[in-house]
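Protein sequence lines correspond, in order, to chains E and B. In this text, residue positions in the first sequence follow numbering that gives the first Met the number 0: the first is 0, and each later residue adds one. In this text, residue positions in the second sequence follow numbering that gives the first Met the number 0: the first is 0, and each later residue adds one.
These aren't lab readings, by the way, just hints derived from the structure by calculation. Watch out, some of these pointers could steer you wrong.
Copies of the same chain look alike in the list, so a pair counts if it fits in one copy or across any two.
Claimed, not checked - With a Cα cut of at most 27 Å, we get these calculated DSS-like pairs of lysine-lysine: (1) 237 x 1; (2) 196 x 1; (3) 125 x 213; (4) 118 x 232; (5) 196 x 178.
Quick caveat, the model's predicted, so the values are computed rather than measured.
Chain by chain, the residues run as shown.
There are 2 protein chains.
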Amino acid sequence: MKIIHTIKSMFAAAKKAKAKGRTIGLVPTMGALHEGHLSLIRRARRENDLVVVSIFVNPAQFGPCEDFKKYPRNLKLDAELCKKEAVDIIFNPDAKEIYPEGYRTYVTVEGLSDCLCGKSRPAHFKGVATIVTKLFNIVNPDAAYFGQKDAQQAIIIKKLVSDLNLPVKIKTLPIVREKDGLAMSSRNVHLNEKEKKDAVILFESLKYARDLIKDGITDPGRVIGEIRRLVNKKDKAKIDYVSVVGPHDLIPVDKIKGNCLIALAVWFGRTRLIDNMIIKSRNS
Amino acid sequence: MKIIHTIKSMFAAAKKAKAKGRTIGLVPTMGALHEGHLSLIRRARRENDLVVVSIFVNPAQFGPCEDFKKYPRNLKLDAELCKKEAVDIIFNPDAKEIYPEGYRTYVTVEGLSDCLCGKSRPAHFKGVATIVTKLFNIVNPDAAYFGQKDAQQAIIIKKLVSDLNLPVKIKTLPIVREKDGLAMSSRNVHLNEKEKKDAVILFESLKYARDLIKDGITDPGRVIGEIRRLVNKKDKAKIDYVSVVGPHDLIPVDKIKGNCLIALAVWFGRTRLIDNMIIKSRNS
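Chain E with its partners taken away, still in its complex shape (with noise of 0.2 Å):
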């Protein structure tokens, strides 16, 4: 396994590799990776000639108040987790390398990035966009992985590769929890014992959702409060958005029917959680 810290060499392995007829799978992440990066890794492994995975935490995505400088960082131990699921190479470049001084160009995938998470992160999927697109830029991926857990995310980058005409597969797969139901993020490991324990209702109360649209609840609003009032109770906790939209357009449903999202965002002490469902419902 190859540890490549410059778009030049990384530009040139993936040529090489292409030049082959080898097949390249792009795991795009921002390290401190968990049991749902691995998920993806294994299946670009199984599905590819060339795996990368790539970590770069990517200041573009953060906003002046976030926590870019806290997000974990941790190269040692993720290079022993790619080297262990047969990653060939991790690119990890720094921020001056991705970003030079002057860089002005970015991508934005508009009507899909204010919603949800982007109104309370308005530069996020900004950041996002661009640093995907570079990365597919600089790798040639024939397939990149990304996890269910972010997505809008997901959407968003279906949609700027779709836009773009970008030739990448983009493969979302399902979020990994824990055996308690939460979902896996980097960002847990800034959660104390207590606020790990309450960010179950996460999950709980995503549950509890699907069983009452299976019920037949039709109304958006009725799911959404039942949503809320489960949270709540978590004295720590405090929603930033429940919302139940369109699985493709992100635009809030006025009735359920069909396959829906519902996406949450909720800080737990100075933690802010997302996760997600999306629920079938019989209703037409």
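Please arrange chain B on chain E, whose structure you already have, making use of the hints.
Same frame as chain E, now just chain B:
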């Protein structure tokens, strides 16, 4: 010579050529080809195995009150010209092919897109940056050819290629002029005889500015004033802007030294023309 209308076919043709190790030169145009375009095509022909000329009047780079509808179109004549120059492929998609319903993704080069032409054409360079990114992804060229006539466009495209790590060489070729000095432009067909004669003042005033600078004038205000005075002598001319800027950052210079770009845009009747000159000053 093939004329290709769909992204899928264009992508496949490019992929096939690249698989055989052939280099691709792309000349992006909006059609209504003139000697300026032909100079780009000839250079592309000399330097590449496969030459693709894209002909697409890009709605995204026209403002709502601009001349999208009356922009000259003549595919038959363009195809004859391309054939004479031994072009391999004309890529001529329609607007729905490039911007299907629900299209949402745009590329912006911040800081370079709001000045000069971007001031009176606010979304123009966002449209340019987006279509160029898409064309590069579809055609996968080794090199792409642009005219110095659109100086700001060339600078923006070079910046976006560098920022987004696109593996394309950008080549900017000199302005091609009529015998009387008028810069070639597809929009020149809209000029009546009087306007066409008057428009020669653009190049005349740029040459006069060059002489002033050669004579040691370092005050950009003085140079701009002289250009404005000359242009305003033509009673139908209406100046949009005259600027003396850095040739890479497009920032107005306080004092003329080293290289500078003098750029201007002037309306003659209902037609807006642009011209520019890079001037090497001996002042330091």
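How the hints compare with the structure:
1. Within a single copy, residue 237 and residue 1 get their C-alpha atoms no closer than 42 Å, and across copies no closer than 61 Å, so neither meets the 27 Å cut-off.
2. For a Cα distance limit of 27 Å, the shortest separation of residue 196 from residue 1 qualifies neither inside one copy, at 38 Å, nor across copies, at 64 Å.
3. Taking the shortest alpha-carbon separations for residue 125 and residue 213, neither the intra-copy value of 36 Å nor the inter-copy value of 45 Å comes in at or below 27 Å.
4. Taking identical chains as interchangeable, the C-alpha atoms of residue 118 and residue 232 lie at most 27 Å apart only when both belong to the same chain, with a minimum of 24 Å there against 53 Å between chains.
5. Taking identical chains as interchangeable, the C-alpha atoms of residue 196 and residue 178 lie at most 27 Å apart only when both belong to the same chain, with a minimum of 12 Å there against 80 Å between chains.
Checked against the numbered hints listed earlier, the structure breaks hints 1, 2, 3; every other hint is satisfied.
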